[in-house]
Amino acid sequence: MPFVEDPAHLSIARLKSDLLAHNVALPPAASKKEVYVELHLKNIDQKNAAEFSSDDEEETREAARESSGFEHSRDKDPEVTQMPDPSDLTDEYLREALLKHGVKAGPIVASTRTLYENKLRKLLLHSNGDDELYSDSEEEQEKRDDIESACSVLEEQKPEEAKKIKGENDKADLHFHRRDYSYQQCFLLSSRLRAHPSRNEKPSSKSLSKNVTKSSERSKSKSSHILAGVSKASSTGQHSGLRSGTFSITQMVQEMESRGSLSDCTVKELNSSRVGEHCSRSYRFAMNDLDKSRSTDQSLYHTPKDVHPPRGMKLPQESGKPILKDLFPDTKPTTTGIYVTPRRPIKGAAQRPVQYSYSYPDTLVSPVTLERREVERRLVSIHIQILFFFFVACILFYIYVNVQDSTVLALLDSFSHCFDKEGWAFLQPGTEGTQAVCKQD
Amino acid sequence: MSSTSQKHKDFVAEPMGEKPVMALAGIGEVLGKRLEEKGFDKAYVVLGQFLVLKKDEELFRDWLKDTCGANAKQQGDCYGCLKEWCDAFL
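Line by line, the protein sequences give chains A and B. Sequential numbering from 1 applies to the first sequence in the numbering used here. Sequential numbering from 1 applies to the second sequence in the numbering used here.
None of these hints come from the bench; they were simulated from the model. The C-beta atom is built at its ideal place from N, Cα and C for all residues, glycine as well. Heads up, some of the hints might be wrong.
Pairs of lysine-lysine residues, derived as DSS-like cross-links and limited to a Cα-Cα distance of at most 27 Å, are as follows [stated by the list, open to error]:
1) A/K104 <-> B/K54
2) B/K42 <-> B/K65
3) B/K38 <-> A/K122
4) A/K100 <-> B/K54
5) B/K55 <-> A/K122
6) B/K54 <-> A/K122
7) B/K54 <-> B/K83
8) B/K65 <-> A/K104
9) B/K83 <-> A/K122
10) B/K55 <-> A/K104
11) B/K83 <-> A/K104
12) B/K55 <-> A/K100
13) A/K16 <-> A/K42
14) B/K65 <-> A/K122
15) B/K83 <-> B/K38
16) B/K73 <-> A/K122
17) B/K7 <-> B/K19
Quick look at which bits of chain B chain A covers, simulated, 3 or more residues with Cβ under 8 Å [what the hints assert, rightly or not]:
18) 46-54
19) 60-74
Produce the entire structure from the sequences given, and follow the hints as far as they go.
Pasting the structure below:
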């Protein structure tokens, strides 16, 4: 456990996971938080103080080893006071520790054990080093600690995702990312709450309003409660709070970009659903209707007809676009902050549609090439001609080489024989004898 | 993309069967001997280790380095060879 924190501040789920991580038997499911806190205090905090008591024999044996490891490592290395030496951990603990750093370990057997231990050491060094880099002041550290614990609410709901991110990116980056995100969240929520403290009727909201009355710094640290309250509160109760509060759209845009699935419910609260539809539709229409809109004297920003913009809604732009407002006073603000100023379609000179005077052929080819192609189609291709030539040459060569003189003469005789009988007779045109001669053979 | 050696191609072309560990790409005589001393006498034993490490590149390379002292290129060759074999036959 890198941070020493009061277990009473942790949620039940977090306590449960901590107890599981330390192989402590969980109390029955319906037990109250105090039971968990007690167990947590008894087992984990004692372990931190180099004392451990457990039920199973195995655990006591391992725990004894581990507690000695704690003391030993503490004497050795003051930096690694929070984590025991990886070589003293059991396989289970090693796997848990690796999982905390986002590494899904395979089987930890004899051959793989040292590798995983080294990996854990590397990860510990990285995480320790990064934490030191980013600690500016004590106050900041405190806030970060609180937010760390607060963000456990998020961790429950997307544990794998967060841990994957941890594993892949720098751990510090994630901290910053999450802090920024939670800070933004706090700004929005605290601003919202300041605007309408009277509307908070529900008990969860009461706690929120209490926080608002405290100093703003403390409200940041209580972001966990705010987050929990937000996720529980229904959308209807909080809608009206949006209309006239200090409402930052750009921050919302950043939120929407940086959030995961959890945030959808909160974003839906912050965005009225109608507004969201309106904006997306208006954007789409603006792009599609560029060609259709011929009227130039009308407003350049095409508003769709079927969506009624909410009347009482004023969304002041913090990081406003004053230029746009000067040039196009008719533009309506969008929740996404995207302004579309369509360009007039370029058609041709003097707004006349372009008409081509002659049609282009399909392929741009010179007449000489066309002629050549015609010729080539008629004649047999050159390759085939060459091949045929070589083929005939080979046959003749083969005959010349292989056939002996005697056979040649025999062949010639036979040929001449036939030829005398039929061929010559055939050659003589118009004689009746030819047919008679042919019929003889 | 780096080209693969003949050894790699030969290994990946067919099931490894009882091929010795020196048939692996990147593992020559010296490294092969060291592996055999540690008990990895056949290619399939190294394959077993590769699979136990869940085909993780970093872990496998570390393991190779620790076990037989392979350098980075040899590690890479061996890893690539086994990975491709697994893709083809496993």
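Here is what the structure says about each hint:
| no. | hint | verdict |
| --- | --- | --- |
| 1 | A/K104 <-> B/K54 | holds (10 Å) |
| 2 | B/K42 <-> B/K65 | holds (18 Å) |
| 3 | B/K38 <-> A/K122 | holds (26 Å) |
| 4 | A/K100 <-> B/K54 | holds (19 Å) |
| 5 | B/K55 <-> A/K122 | holds (20 Å) |
| 6 | B/K54 <-> A/K122 | holds (19 Å) |
| 7 | B/K54 <-> B/K83 | holds (11 Å) |
| 8 | B/K65 <-> A/K104 | holds (22 Å) |
| 9 | B/K83 <-> A/K122 | holds (25 Å) |
| 10 | B/K55 <-> A/K104 | holds (12 Å) |
| 11 | B/K83 <-> A/K104 | holds (19 Å) |
| 12 | B/K55 <-> A/K100 | holds (21 Å) |
| 13 | A/K16 <-> A/K42 | holds (14 Å) |
| 14 | B/K65 <-> A/K122 | holds (17 Å) |
| 15 | B/K83 <-> B/K38 | holds (22 Å) |
| 16 | B/K73 <-> A/K122 | holds (23 Å) |
| 17 | B/K7 <-> B/K19 | holds (12 Å) |
| 18 | 46-54 | holds (count 4) |
| 19 | 60-74 | holds (count 3) |
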